[in-house]
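Quick note on numbering: the sequence shown equals residues 53 to 138 in the numbering used here.
For the record, the hints were derived by calculation from the structure and aren't laboratory data. Every value quoted in this text rests on a predicted model; they were computed, and no experiment measured them. C-beta: ideal position from N, C-alpha, C; glycine also. Treat the hints loosely; a few may be bogus.
Simulated DEER-style distance windows between Cβ atoms [unchecked claim]:
#1 90 with 125: 15 to 25 Å
#2 106 with 74: 13 to 23 Å
#3 72 with 103: 32 to 42 Å
#4 137 with 82: 14 to 24 Å
#5 65 with 112: 12 to 22 Å
#6 72 with 108: 16 to 26 Å
#7 97 with 61: 25 to 35 Å
#8 76 with 104: 33 to 43 Å
#9 76 with 105: 11 to 21 Å
#10 76 with 125: 15 to 25 Å
#11 72 with 113: 16 to 26 Å
#12 74 with 124: 29 to 39 Å
#13 56 with 137: 28 to 38 Å
#14 86 with 107: 11 to 21 Å
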Amino acid sequence: MTGQPYAVCFSPSAAKVLDTLPEHVEDTAWDVLDAAAGDPWGFRQWNADDPEGEAVRYAAVGQLSLTYWVNRPLRRLTVLNIVWLG
53 MTGQPYAVCF SPSAAKVLDT LPEHVEDTAW DVLDAAAGDP WGFRQWNADD
103 PEGEAVRYAA VGQLSLTYWV NRPLRRLTVL NIVWLG
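Throw the hints in and build the complete structure from the sequences for me.
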């Protein structure tokens with residue numbers, strides 16, 4: 053993808069989870085989100101059986117997973133959920 057990266061926003065529940073993560077896990081979450089902002093479709097679709105849900109994506113690294121929604125018109129990613137199994 054070329055152009056400006058997408059802006060990253062958080063749902064209220066995802067923001068609360070981000071605030072409770074250990075620093076090294078939060079750094080990893082931001083690294084994943086930086087990659088997603090540069091190429092929002094670079095991570096797999098949350099539910100591949102849903103043809104209308106292509107904008108909901110799932111990114112996982114080790115014990116950390118993030119679910120985000122890609123808003124094309126506003127060039128924004130909204131993080132819906134963060135799960136850390138640590």
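*asked:* Hint by hint, where does the structure go against what was stated? Just the numbers, ascending.
replied: Checked against the structure, the hints that fail are numbers 2, 7, 9 and 10, while the rest are satisfied.
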